[in-house]
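In order, the protein sequence lines correspond to chains S and Y. Going by my numbering, the first sequence opens with residue 1, and the numbers climb by one from there. Going by my numbering, the second sequence opens with residue 476, and the numbers climb by one from there.
Every clue listed holds true.
EDC-like mimics (lysine to aspartate or glutamate), calculated; alpha carbons at most 16 Å apart, straight line:
(1) K373(S) <-> D521(Y)
(2) K486(Y) <-> E497(Y)
(3) K373(S) <-> D516(Y)
(4) K2(S) <-> E23(S)
(5) K373(S) <-> E295(S)
(6) K407(S) <-> E347(S)
Derived from the structure by calculation, the hints contain no laboratory data.
Listed below, chain by chain, are the residues.
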Amino acid sequence: MKALEIAAQVRSGERSAVSVAEEALSAIQARNADLNVFVHVAGEEVLERAAAVDAQVAAGRDPGILAGVPVGLKDNLCQTGVPTTCGSRILAGWRPPYTATAVERLLAAGAVPVGKTNMDEFAMGSSTETSAYGPTRNPLDPTRVPGGSSGGSAAAVAADMVPIALGSDTGGSIRQPAALCGLVGIKPTYGLVSRYGLVAFASSLDQIGPLAHTVADAAASLEAIAGHDPRDSTSLPGPAPALVARLDQGVAGRRVGIVRELVDGADPEVVAAVEGAAEVLRAAGATLSEVSIPELRLGLSAYYLIAPAEASSNLARYDGVRFGLRVAGADITEMYVATRTAGFGAEVKRRIMLGTYALSAGYYDAYYGQALKVRTVMIEAFARAYANADLLLGATAPTEAFALGAKVSDPMAMYLSDVFTIPTNLSGHAAISVPFGHGTSGLPLGVQLLGPALSEGRLIAAAAVVEAGRGVPGA
Amino acid sequence: MSELTRDDVAKVARLARLRLTEEELDRFTGQLAQVLDHANDLRALDLTVVPPTAHPVDLGTVMREDAVRPSLARDAFLSAAPQVEEGRFAVPRILGEEP
Numbered sequence: 001m002k003a004l005e006i007a008a009q010v011r012s013g014e015r016s017a018v019s020v021a022e023e024a025l026s027a028i029q030a031r032n033a034d035l036n037v038f039v040h041v042a043g044e045e046v047l048e049r050a051a052a053v054d055a056q057v058a059a060g061r062d063p064g065i066l067a068g069v070p071v072g073l074k075d076n077l078c079q080t081g082v083p084t085t086c087g088s089r090i091l092a093g094w095r096p097p098y099t100a101t102a103v104e105r106l107l108a109a110g111a112v113p114v115g116k117t118n119m120d121e122f123a124m125g126s127s128t129e130t131s132a133y134g135p136t137r138n139p140l141d142p143t144r145v146p147g148g149s150s151g152g153s154a155a156a157v158a159a160d161m162v163p164i165a166l167g168s169d170t171g172g173s174i175r176q177p178a179a180l181c182g183l184v185g186i187k188p189t190y191g192l193v194s195r196y197g198l199v200a201f202a203s204s205l206d207q208i209g210p211l212a213h214t215v216a217d218a219a220a221s222l223e224a225i226a227g228h229d230p231r232d233s234t235s236l237p238g239p240a241p242a243l244v245a246r247l248d249q250g251v252a253g254r255r256v257g258i259v260r261e262l263v264d265g266a267d268p269e270v271v272a273a274v275e276g277a278a279e280v281l282r283a284a285g286a287t288l289s290e291v292s293i294p295e296l297r298l299g300l301s302a303y304y305l306i307a308p309a310e311a312s313s314n315l316a317r318y319d320g321v322r323f324g325l326r327v328a329g330a331d332i333t334e335m336y337v338a339t340r341t342a343g344f345g346a347e348v349k350r351r352i353m354l355g356t357y358a359l360s361a362g363y364y365d366a367y368y369g370q371a372l373k374v375r376t377v378m379i380e381a382f383a384r385a386y387a388n389a390d391l392l393l394g395a396t397a398p399t400e401a402f403a404l405g406a407k408v409s410d411p412m413a414m415y416l417s418d419v420f421t422i423p424t425n426l427s428g429h430a431a432i433s434v435p436f437g438h439g440t441s442g443l444p445l446g447v448q449l450l451g452p453a454l455s456e457g458r459l460i461a462a463a464a465v466v467e468a469g470r471g472v473p474g475a
Numbered sequence: 476m477s478e479l480t481r482d483d484v485a486k487v488a489r490l491a492r493l494r495l496t497e498e499e500l501d502r503f504t505g506q507l508a509q510v511l512d513h514a515n516d517l518r519a520l521d522l523t524v525v526p527p528t529a530h531p532v533d534l535g536t537v538m539r540e541d542a543v544r545p546s547l548a549r550d551a552f553l554s555a556a557p558q559v560e561e562g563r564f565a566v567p568r569i570l571g572e573e574p
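Sequences and hints are given; from them, build the entire structure.
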C-alpha cells in the first residue's frame, strides 16, 4: 500500500488510521524476528496517535498529507521518550528529551511513527552489519544485506511493514540501501531538511531524507519535512518546496549528462540499467549526452578523511558523563577510556582513529587540509558540468545487494560501495535513487539522478519518468 | 605506502580515549594504512592555490535575538545521566586530592 493512497483513504474517512496502524504493527510482528528491521517498536502510543488522527477526520479537520501513514524512523532520529541508540551500545537505553524537527513535521502532517529502524553504528557502514544490535537482512533475499547505513529503514519499506521511512545520508546511506532494496531514496540538498534532533555523524555532510516505494510517496515525505528551521544554524532559508506538484512535469527539453565516472567499474547489469534509464529519459524528450567529470574519482579519498575527521570530533561527546553508557574507572580519564572502549564497535573506533590521525599535528595539511581543497575542486567540477546539463545520471551502487558477511572484514571493500554516492554529499547537492533493472540474481538495481542545489523538483519530475518507464523491455 | 606505524595507531587511540588490544593494534594499523594509501591520490595533487571548503553552504554567522525563551527542565537532561548528585552530573575525582 502506498503512503498517498493510505492518506487519501484516511482523509476521506474511508479507512481508519487505527486499522492502518494495526496492520503495520502486525506486519512488523510477522517478520521482524527474522529480518531484524526495527530495534524498537512503539506500543500503545501508536494506536493512540492513530486514534487522534481519526478523531481529527471525524471532527472535519484535515490531519495532513500523510494522514494515518505509518512511518519508520532511523534510530538516529530523536523522538521524545522513545529509545534512540544509533545502533550503538554506548546509547543503549537512552531516551531523548526532545523530538527532531523532521519527526515533528511528519507528526504535523498526520503521520504515525511506529518505531526505530536498525542502522550501522552511528551510520558508519554500508550494510547495516556494524549495528551493535545485529545485522538487518534484505527482505528480498534474507541471505543478503539491505545496504546501509539506513538499512533498517529500507528493509522496513521493502518488507511492507511501513510505506515510508526516514533515513540519513552522509555518503550514500539513503540512496544505496534504497537501490539494494528496490526503493526510491532521496538525499536532499544540504540544509533543506533540518538536522535538529539528528544524532551527528559528519555535520557538514549529514542530511535526513525519505525512502519509499514510489517517487510520489518520497516527494510527499520530503515536502512534509523540508523547510527552514531556526533550531539548525545550517538550515537554508525559505519554506519547503512544492514537490508533489512537480511529479507530472516530465523531462521535455531537459539536458541530462550520463557521467562516465558514475558508471565505470559497476557490474554490467548496473551499466545496462543506467543505459536503459537514459533511453527512457530520451524517449520522454530529454537530451542525453555523455560527460566525464574526472574530479569525482577523488571523492572517495576525500570523504574517508573528512567524514572521519568530523566524526572524531562529534563522537567526543560520548564520555560517560551526561548520557548513555558509563563504565567505571579509577579516575576520570580511565572512566572515559573504559566507557568508549566498551561502548563503541570496531568500525566506529576505526573511523574515530582515522579522523583523529587526519586532524593531528604533522598530518593535518597532508590529509584533512588537502581533502578540504579537493572538496572545492569537486564543487567547481560539478558547477562546470551543470553549466551544460540540467541533471546528471549514473549508478547508485556498483553492484546488487551483496551477501551478509561478504565485506565485514575488509573495510576498504565496504567503503567502495559508496563510490557513486559520495560526491553529492561533498558538494552539498541533491540526488535521488530510483529502481531500474535487475542484477544477475534478479535483485533490483538503482539508478541515480543528480542535480545542483535545490533541484529537488526537477529531480522528482525526472525520477517519475524513469519510474514510469522501468517496465519497458530491457529495463 | 603510508608511513602509518603501529606506534602511531597506539598514540591516536590514546588521544581518542580508546584502549586497543595487541591484536586490534595490528589489525587497525593495516586497515587504516589501506585507507591512507588510497588517499595518496589526493596527496599527489598540487592544490596550493585552491581554497579549502569546510562546509557546502555558506550562510555566514547565523544570529538570533538574545531573548529569554522556555527551555527543557533540568531534570529532563539529568535523568539521562549515568550518575547525578545534588542536581549536577557526577564524575570520578578529577584532581588527585580529597575535596
